[in-house]
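Colleague: First to last, the sequence lines map onto chains A and B. Note that my numbering has the first sequence beginning at 15, numbered continuously upward. Note that my numbering has the second sequence beginning at 48, numbered continuously upward.
Read the hints as simulated data drawn from the structure, not as lab findings. Model, not experiment: these values are computed from the prediction. It is possible that part of the hints are untrue.
Ranges of calculated distance between the beta carbons of each label pair, as one might list FRET restraints [claimed, not checked]:
no., chain 1, residue 1, chain 2, residue 2, range
1, A, I177, B, V60, 46 to 56 Å
2, A, L28, B, V348, 51 to 61 Å
3, A, I103, B, I76, 29 to 39 Å
4, A, M98, B, T350, 26 to 36 Å
5, B, N256, A, L182, 35 to 45 Å
6, B, N200, A, L182, 53 to 63 Å
7, A, A317, B, N258, 16 to 26 Å
8, A, L182, B, I76, 45 to 55 Å
9, B, Y66, A, S157, 36 to 46 Å
10, A, K321, B, L220, 55 to 65 Å
11, B, V293, A, A99, 42 to 52 Å
Output of the computed footprint for chain A on chain B, the stretches with three or more beta carbons under 8 Å from beta carbons of chain A [claimed, not checked]:
no., region
12, 127 to 137
13, 276 to 287
14, 365 to 372
Think about it this way: if two alpha-carbon atoms lie no more than 25 Å apart in a straight line, the pair counts; the simulated PhoX-like pairs of lysine-lysine are [what the hints assert, rightly or not]:
no., chain 1, residue 1, chain 2, residue 2
15, A, K215, A, K22
16, A, K319, B, K268
17, A, K322, B, K323
C-beta: ideal position from N, C-alpha, C; glycine also.
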Amino acid sequence: MKILGKQKAVIAILFMLLVMLFTDSNFYTAGNLFNLLEAVSTNAIIAFGVTLAVICKGCDLSVGSVMAMSGIIAIILINGGMHMALAIILAVLSGGLVGFINGFLIVQQKSEAFIITLGMGMLVQGVALLLTNANPVSASNPSFQRISGESWLGIPNIALFMIVLGILTFLLLRFTSFGRNCYALGGDYEVAEHSGINVIKTKWFAFVLTGTFAAVAGVLAASRMNTGLPIAGVEIPLMVNCGVVIGGTSFAGGVGGVPQSFIGIFAMFLLRNCMGMLGIHPNVQMLVLGIMVVLIIALDCYAIKRKKEDV
Amino acid sequence: MIKQSQGARLRIVDFLLEYLVLIAIVALILITAIVSPRFLTVDNFINLMRQFGPLSFVALGMTFIIVGGFIDLSIPGMISLVAMVTLMLVDTIGEIPALIIGLLLGTTMGFINGMILVISGASTQAKALFITFGMSLIYRSIALIITGGFPMNWGTLFEHPMPVTRTLGAGTLGILSHSFILFLFFLAVLFIFQSKTFLGRAIAYTGGNLNAAELGGIPTKRIMIFIYALCGFMTAVGAIVLFSRVSVTVPTVGTFFERDAIMAVVVGGTSLLGGKGSVLRTVMGVSLVILMSNCMNLMGVNTHMQEVVRGAILVLAVWLDHRRHERG
Chain A
15 MKILGKQKAV IAILFMLLVM LFTDSNFYTA GNLFNLLEAV STNAIIAFGV
65 TLAVICKGCD LSVGSVMAMS GIIAIILING GMHMALAIIL AVLSGGLVGF
115 INGFLIVQQK SEAFIITLGM GMLVQGVALL LTNANPVSAS NPSFQRISGE
165 SWLGIPNIAL FMIVLGILTF LLLRFTSFGR NCYALGGDYE VAEHSGINVI
215 KTKWFAFVLT GTFAAVAGVL AASRMNTGLP IAGVEIPLMV NCGVVIGGTS
265 FAGGVGGVPQ SFIGIFAMFL LRNCMGMLGI HPNVQMLVLG IMVVLIIALD
315 CYAIKRKKED V
Chain B
48 MIKQSQGARL RIVDFLLEYL VLIAIVALIL ITAIVSPRFL TVDNFINLMR
98 QFGPLSFVAL GMTFIIVGGF IDLSIPGMIS LVAMVTLMLV DTIGEIPALI
148 IGLLLGTTMG FINGMILVIS GASTQAKALF ITFGMSLIYR SIALIITGGF
198 PMNWGTLFEH PMPVTRTLGA GTLGILSHSF ILFLFFLAVL FIFQSKTFLG
248 RAIAYTGGNL NAAELGGIPT KRIMIFIYAL CGFMTAVGAI VLFSRVSVTV
298 PTVGTFFERD AIMAVVVGGT SLLGGKGSVL RTVMGVSLVI LMSNCMNLMG
348 VNTHMQEVVR GAILVLAVWL DHRRHERG
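If we strip away everything but chain A, and leave its shape as in the complex, we get (with noise of 0.2 Å):
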């Protein structure tokens, strides 16, 4: 109850679906309830990581590059022979690799975490882009496409992955020392430091988390479209980001959790499918999204100076 008074985003979405009843749409059809699971699960796996890294005071934006690759490496290797689950464990590798040398930049060498995963995106789009000569690759092997493409007790592949990592990032958050060093770093980092934490190696962890979280989620993605598509663009990690905070998991750090970042994504994607659902022109779509990222971070940024003034 505490969050849901809270949140923000939980009247947003309330009042969507309210509206929604209203219209003469095909919004409340299981075919469309479905797309929209199925669309907010693989940006949700992308959020659950990246709030680690918030938490920790910190953001990714080269998740979406990472998606795309791990995508395409699983795919490429694959094709090229290799047995399917190997391939998978080597594609959600290389997102964690990515993460650790982030992780060794942001944190090790206190480099600024948005622009170093700014440039890492650059460099691991380019990498995607190299591997795959900028076309589009698609898995020759049909049982690769099974793994997100079924659903079990007509809930898709893809969301039950989502829930079992959501259920498990908020066990590690929750009840893990782990989980409870990143709130403490975030909220105070000298402070931790101070006391004990290992504040290096765990803010590290919590990017190879992020890196290895984007990862899974590329290989889900890939599977569904049984492509891998090497062009992520700057918008997904933006979007996932944006998602996250206005969740309320605030770049203030050490607050938030896994439940804020769902309801905040679900937010964002619910928004634009009931756009969609209305036939809205993609473009004034982008203008609404636009219009709700700067209120709502402008809020966020409001509401943290008035506690300040009031202290």
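Add chain B to chain A, keeping to what the hints say.
Modeller: Only chain B this time, still in chain A's reference frame:
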């Protein structure tokens, strides 16, 4: 004795770190000149100079934002909207008024960015990053909506001749192209502004330590709005130079300009931590970026490999910047 030699070594390392861009530029020129004989030709020189186009203007504006301790991702949107609005107005109100309105529009958009940041109290780079990203989406979608997504073709579409734009795009004075001369003009003005005026130095104080600057009586809020407006103006100039060179301009023309501009500024050695840097460093950064792609093109490096190299150089430059900062 040992101490002295250590001191000397430290000084050499500091010197190398400080002038790394310059060393990289010289090294790049030497290597390319040896590998590719085409590099040292007049044609290639003119070609290189022409590349000092839109990016260099945008990077000059971005320098002030980064020195002020902030960041601006709204550049792609601003470039697109300025280019589209200007080109649409040429037919109805004539070329010169349209160009003036384009410049005013850019300045206004920068002003709006600054106002939103100041009112919401966004005082860190990360917050500014996301707010300006949202603004970029807004500006770009407006550009797409007003044009319906169609490209503007000023070469054939317009009744109205555009002599000023045409001269700016293709004209030369001796071997110097007009856009390069315009660039030198802005460089001189902004250099004098940055190093000789109170406002120029106040920007650096604000970026160095926001709280201290505010306590010291510097109007930091007005300075924030000013640097964003300045960046908007320079972006508008960049947009005009951009469409003056090509006859067809698409509404999404500004994509990736923010990335390249940040890269040019940081590679030049202006610190992302704010407070330190100069437009002259940005010129070096822009030169390095341009030289790099020229060299890679001459050597026949794969385009995608170039992307990898560019990302690696950005990461390396940021990392070195922080190393430099750590050393004091």
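Colleague: If you check each hint against the structure, which ones fail?
Modeller: 3, 9, 12, 13, 15, 17
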